[in-house]
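Protein chains in written order, with the numbering used here: chain E, 57 to 117; chain V, 57 to 117; chain B, 57 to 117; chain Y, 57 to 117; chain H, 57 to 117; chain U, 57 to 117.
These aren't lab readings, by the way, just hints derived from the structure by calculation.
Cross-link-like lysine-lysine pairs, in silico, DSS-like; alpha carbons within 25 angstroms at most:
#	chain 1	residue 1	chain 2	residue 2
1	E	K79	Y	K79
2	U	K79	H	K74
3	Y	K104	U	K104
4	V	K104	H	K104
5	V	K104	E	K79
6	Y	K112	B	K79
7	E	K104	E	K74
8	H	K79	U	K79
9	E	K74	V	K112
10	U	K104	Y	K74
11	Y	K74	E	K79
Restraint ranges, calculated between C-beta atoms of paired labels, are given here:
#	chain 1	residue 1	chain 2	residue 2	range
12	U	Q72	B	P92	41 to 51 angstroms
13	H	A110	V	E71	12 to 22 angstroms
14	V	Q72	Y	E117	25 to 35 angstroms
15	U	E93	E	T69	35 to 45 angstroms
16	U	N89	Y	A110	38 to 48 angstroms
17	H	A114	V	G67	19 to 29 angstroms
18	B	A114	V	Q72	25 to 35 angstroms
19	V	E93	E	Q72	35 to 45 angstroms
20	H	A110	B	S103	18 to 28 angstroms
21	E	Q72	U	L75	38 to 48 angstroms
22	E	K112	H	A110	32 to 42 angstroms
23	E	A114	V	A114	21 to 31 angstroms
24	V	E116	B	I115	42 to 52 angstroms
25	Y	A114	V	E116	21 to 31 angstroms
Here are a few chain U residues that face chain B, going by a calculated C-beta distance under 10 angstroms:
#	residue
26	V60
27	L70
28	V77
29	K79
30	V80
31	Q82
32	V85
33	P92
34	N94
35	V95
36	I98
37	I99
38	R100
Glycine included, each C-beta is placed from N, C-alpha and C at the ideal position.
There are 6 protein chains.
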Amino acid sequence: MPTVQIEMFEGRTLEQKKLLVQKVTQAIVESVNTAPENVKIIIRDMSKENFATAGKLAIEE
Amino acid sequence: MPTVQIEMFEGRTLEQKKLLVQKVTQAIVESVNTAPENVKIIIRDMSKENFATAGKLAIEE
Amino acid sequence: MPTVQIEMFEGRTLEQKKLLVQKVTQAIVESVNTAPENVKIIIRDMSKENFATAGKLAIEE
Amino acid sequence: MPTVQIEMFEGRTLEQKKLLVQKVTQAIVESVNTAPENVKIIIRDMSKENFATAGKLAIEE
Amino acid sequence: MPTVQIEMFEGRTLEQKKLLVQKVTQAIVESVNTAPENVKIIIRDMSKENFATAGKLAIEE
Amino acid sequence: MPTVQIEMFEGRTLEQKKLLVQKVTQAIVESVNTAPENVKIIIRDMSKENFATAGKLAIEE
Numbered sequence: 057m058p059t060v061q062i063e064m065f066e067g068r069t070l071e072q073k074k075l076l077v078q079k080v081t082q083a084i085v086e087s088v089n090t091a092p093e094n095v096k097i098i099i100r101d102m103s104k105e106n107f108a109t110a111g112k113l114a115i116e117e
Numbered sequence: 057m058p059t060v061q062i063e064m065f066e067g068r069t070l071e072q073k074k075l076l077v078q079k080v081t082q083a084i085v086e087s088v089n090t091a092p093e094n095v096k097i098i099i100r101d102m103s104k105e106n107f108a109t110a111g112k113l114a115i116e117e
Numbered sequence: 057m058p059t060v061q062i063e064m065f066e067g068r069t070l071e072q073k074k075l076l077v078q079k080v081t082q083a084i085v086e087s088v089n090t091a092p093e094n095v096k097i098i099i100r101d102m103s104k105e106n107f108a109t110a111g112k113l114a115i116e117e
Numbered sequence: 057m058p059t060v061q062i063e064m065f066e067g068r069t070l071e072q073k074k075l076l077v078q079k080v081t082q083a084i085v086e087s088v089n090t091a092p093e094n095v096k097i098i099i100r101d102m103s104k105e106n107f108a109t110a111g112k113l114a115i116e117e
Numbered sequence: 057m058p059t060v061q062i063e064m065f066e067g068r069t070l071e072q073k074k075l076l077v078q079k080v081t082q083a084i085v086e087s088v089n090t091a092p093e094n095v096k097i098i099i100r101d102m103s104k105e106n107f108a109t110a111g112k113l114a115i116e117e
Numbered sequence: 057m058p059t060v061q062i063e064m065f066e067g068r069t070l071e072q073k074k075l076l077v078q079k080v081t082q083a084i085v086e087s088v089n090t091a092p093e094n095v096k097i098i099i100r101d102m103s104k105e106n107f108a109t110a111g112k113l114a115i116e117e
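Produce the complete structure using the sequences and hints provided.
This is the structure:
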């Protein structure tokens, strides 16, 4: 029962999200031998104010 | 110090959330022998665009 | 499709975990109006070396 | 900067994990228009004692 | 590659978030011997409707 | 009530973890105006088999 959480910047279209969950599910099914029904994906849209690398927010770059 | 994260579809009322945290806390206290004060719950409201099963977003169903 | 993540100290018995997921699932079903089949619970066992309050590890207390 | 967390049952081989991160990264790159370098994946191996659906641990099935 | 997730009440200013990621990154670099570039931080803004202690939502207090 | 989750490679000593939670707590208190008692930190030790960047596990590097 793979449960996947994906955190990414907001602004993706519904079409991109549809493609994302379809392709990620397929990637998991092909690599770890499970049925698609077992794959659950949670997406979290993140503001550029809410992600940092090396101590700097993405919005500052 | 049980820390609980609950991801569910948005649209629940404040009354439902009050009931939820009360009942979930009680369920944990009764089953794993801890004090209510130790139970922290984080709720995350999820859009139907952001959850998928079997490679399909909930919004597509 | 509520997805629940519970972080708690290691050492709980299988019986306690069985009770925990049964009671937490029921608590969710009763409060936010969903079917038990939709409730997924992930438990993570945590060492006392890996939890801190107020800047102090649980193992130091 | 997609950050991915995958929770799945323990017991997968290193080869399966290599394939998994390669394929999931590619799936994300192809669907949401980002560079592979931006994709970080965290895998968490889960015991069957630690996952439940419908109030029942996977180990009980 | 420390990956940090911080859940806190919404309402912090951009200045506070800038300071937060700068200081948390430095704290990690100084204590666990890693380069700043390896530290990724995800912030999640939480409504007072979405956090509970001892079975009570923060909004009720 | 900031709740922090830190995922990092296993192998850190207890001394490093003590320092980590002390410094991270202080960093949060100084930047977002909260009391140390409100800061909870969960550490998760991660094997190099369980983290990937750009589709490659850390263990492969």
